[in-house]
Amino acid sequence: SRASSAVLARDNYPLYIRSSPTENELKFHYMVHTSLDVVDEKISAMGKALVDQRELYLGLLYPTEDHKIKYGYVTNSKVKFVMVVDSSNTALRDNEIRSMFRKLHSSYTDVMCNPFYNPGDRIQSRRAFDSMVTSMMVQVC
Amino acid sequence: WKTKQEMADEALFLLLHNEMVSGVYKSAEQGEVENGRCITKLENMGFRVGQGLIERFTKDTARFKDELDIMKFICKDFWTTVFKKQIDNLRTNHQGIYVLQDNKFRLLTQMSAGKQYLEHASKYLAFTCGLIRGGLSNLGIKSIVTAEVSSMPACKFQVMIQKL
Numbered sequence: 001s002r003a004s005s006a007v008l009a010r011d012n013y014p015l016y017i018r019s020s021p022t023e024n025e026l027k028f029h030y031m032v033h034t035s036l037d038v039v040d041e042k043i044s045a046m047g048k049a050l051v052d053q054r055e056l057y058l059g060l061l062y063p064t065e066d067h068k069i070k071y072g073y074v075t076n077s078k079v080k081f082v083m084v085v086d087s088s089n090t091a092l093r094d095n096e097i098r099s100m101f102r103k104l105h106s107s108y109t110d111v112m113c114n115p116f117y118n119p120g121d122r123i124q125s126r127r128a129f130d131s132m133v134t135s136m137m138v139q140v141c
Numbered sequence: 001w002k003t004k005q006e007m008a009d010e011a012l013f014l015l016l017h018n019e020m021v022s023g024v025y026k027s028a029e030q031g032e033v034e035n036g037r038c039i040t041k042l043e044n045m046g047f048r049v050g051q052g053l054i055e056r057f058t059k060d061t062a063r064f065k066d067e068l069d070i071m072k073f074i075c076k077d078f079w080t081t082v083f084k085k086q087i088d089n090l091r092t093n094h095q096g097i098y099v100l101q102d103n104k105f106r107l108l109t110q111m112s113a114g115k116q117y118l119e120h121a122s123k124y125l126a127f128t129c130g131l132i133r134g135g136l137s138n139l140g141i142k143s144i145v146t147a148e149v150s151s152m153p154a155c156k157f158q159v160m161i162q163k164l
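Protein sequence lines correspond, in order, to chains A and B.
When the letters of the first sequence are read in order and numbered with the UniProt record's numbering, they come out as residues 1 to 141.
When the letters of the second sequence are read in order and numbered with the UniProt record's numbering, they come out as residues 1 to 164.
What the hints contain is simulated information worked out from the structure, not anything from laboratory work.
A hint or two may mislead.
Below are the DSS-like pairs computed for lysine-lysine, each with C-alpha atoms no more than 30 Å apart in a straight line [unchecked claim]:
#1 B:K104 <-> B:K115
#2 A:K42 <-> B:K72
#3 A:K103 <-> B:K142
#4 A:K42 <-> B:K163
#5 B:K65 <-> A:K78
#6 B:K104 <-> A:K103
#7 A:K42 <-> B:K59
#8 A:K78 <-> B:K104
#9 B:K76 <-> A:K78
#10 B:K65 <-> A:K42
#11 B:K59 <-> A:K78
#12 B:K76 <-> A:K103
#13 B:K142 <-> A:K42
#14 B:K72 <-> A:K103
#15 B:K76 <-> A:K42
#16 A:K68 <-> B:K59
#17 B:K115 <-> A:K78
#18 B:K65 <-> A:K103
For reference, chain A alone in the conformation it holds in the complex (with noise of 0.2 Å):
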């Protein structure tokens, strides 16, 4: 499976990073932190919108580099999610990728209502969260 997922706070900082095995962790690192300039981008109230402003799935952040894909999606609570996938990965449709963010951003949620979770802490929880990303890039092969 060669798929990363991060989830970024407000302030973008990471709540939680998740590179597949076979990807280097720190060009991961990299390509979140260059994508979240995208993302911004792309939220500001600009008026000349690059997406479809109402909706939280930013879609393709910016073009393909090193056979890497990257997708946004930013909730309203301004929590943004990036994932990485492989451009060999073809079979992928965007829907897929869709459903992909809405599994993410409905265990997000649930994170939110554990009571041992401080908004803003990042993300430890094995069962909901971490599970969930696991069987998630287990799809994505």
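Knowing the structure of chain A, use the given hints to seat chain B on it.
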């Protein structure tokens, strides 16, 4: 017409809320009632709940356009989901102050229909003030929320947006 489930849900939150207020005051330490610490504790509880609720409630909504869009959401969708009715009146000076008026606030209707127990009203409004503040906070809006009652069960929540 309410289903048994709906009646149970409403009663559950109302009764639990009453117990929470009671619990905070019963376990208050020396001076905490007088110095407002109990009110603060209730408000902070509401804050955390508001943060979590907003995350759930905005999971499937479109992206908010602006601050007014968010306040309208609080008055309609949010209020209806939590209190089974909308805010009756929303006023704003368009400079960061909003007044939300609820003529029949669900947490006060069983308490009195006028001035009886008025001196205790603030205890039963603190959690909801926090709820609003927590919800707004998770949407990126910092605010101060206060409430006032002159005749139950009507009350007003005042939201003062803090520009960072």
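Hints, one by one, checked against the model:
1. Restraint check: the Cα-Cα separation between K104 of chain B and K115 of chain B comes to about 14 Å, which is no more than 30 Å; the hinted pair holds.
2. Straight-line distance between C-alpha atoms of K42 of chain A and K72 of chain B comes to about 24 Å, which keeps the hinted pair within the 30 Å bound.
3. Between the alpha carbons of K103 of chain A and K142 of chain B the distance comes to roughly 29 Å, so the proposed pair stays at or under 30 Å and holds.
4. Taking the CA atoms of K42 of chain A and K163 of chain B, the gap is near 23 Å; set against the 30 Å cutoff, the hint holds.
5. With a CA separation close to 13 Å, the supplied pair K65 of chain B and K78 of chain A stays within the 30 Å bound.
6. Proposed proximity of K104 of chain B and K103 of chain A is contradicted: the alpha carbons are some 38 Å apart, above 30 Å.
7. The hinted pair formed by K42 of chain A and K59 of chain B meets the criterion: a straight-line CA distance of about 19 Å does not exceed 30 Å.
8. For a cut-off of 30 Å, the pair hint linking K78 of chain A to K104 of chain B is broken: about 33 Å separates their Cα positions.
9. A hinted pair counts as satisfied when its Cα atoms are at most 30 Å apart, and K76 of chain B with K78 of chain A qualifies at roughly 21 Å.
10. About 14 Å separates the Cα atoms of K65 of chain B and K42 of chain A, which keeps this hinted pair within 30 Å; it holds.
11. The straight-line distance between the Cα atoms of K59 of chain B and K78 of chain A is roughly 11 Å, inside the 30 Å bound, and the hint therefore holds.
12. With a CA separation close to 27 Å, the supplied pair K76 of chain B and K103 of chain A stays within the 30 Å bound.
13. Restraint check: the Cα-Cα separation between K142 of chain B and K42 of chain A comes to about 23 Å, which is no more than 30 Å; the hinted pair holds.
14. Our distance criterion of 30 Å between C-alpha atoms is met by K72 of chain B and K103 of chain A, whose separation comes to about 28 Å.
15. A distance of roughly 28 Å separates the Cα atoms of K76 of chain B and K42 of chain A; the hinted pair therefore holds under the 30 Å criterion.
16. Between K68 of chain A and K59 of chain B the CA atoms are separated by roughly 28 Å; this keeps the pair inside 30 Å, and the hint holds.
17. Between K115 of chain B and K78 of chain A the alpha-carbon distance is near 43 Å, which puts this suggested pair outside the 30 Å criterion.
18. At most 30 Å may separate the alpha-carbon atoms for a hinted pair to count; K65 of chain B and K103 of chain A meet this at roughly 24 Å.
Checked against the numbered hints given earlier, this structure breaks hints 6, 8 and 17; the rest are met.
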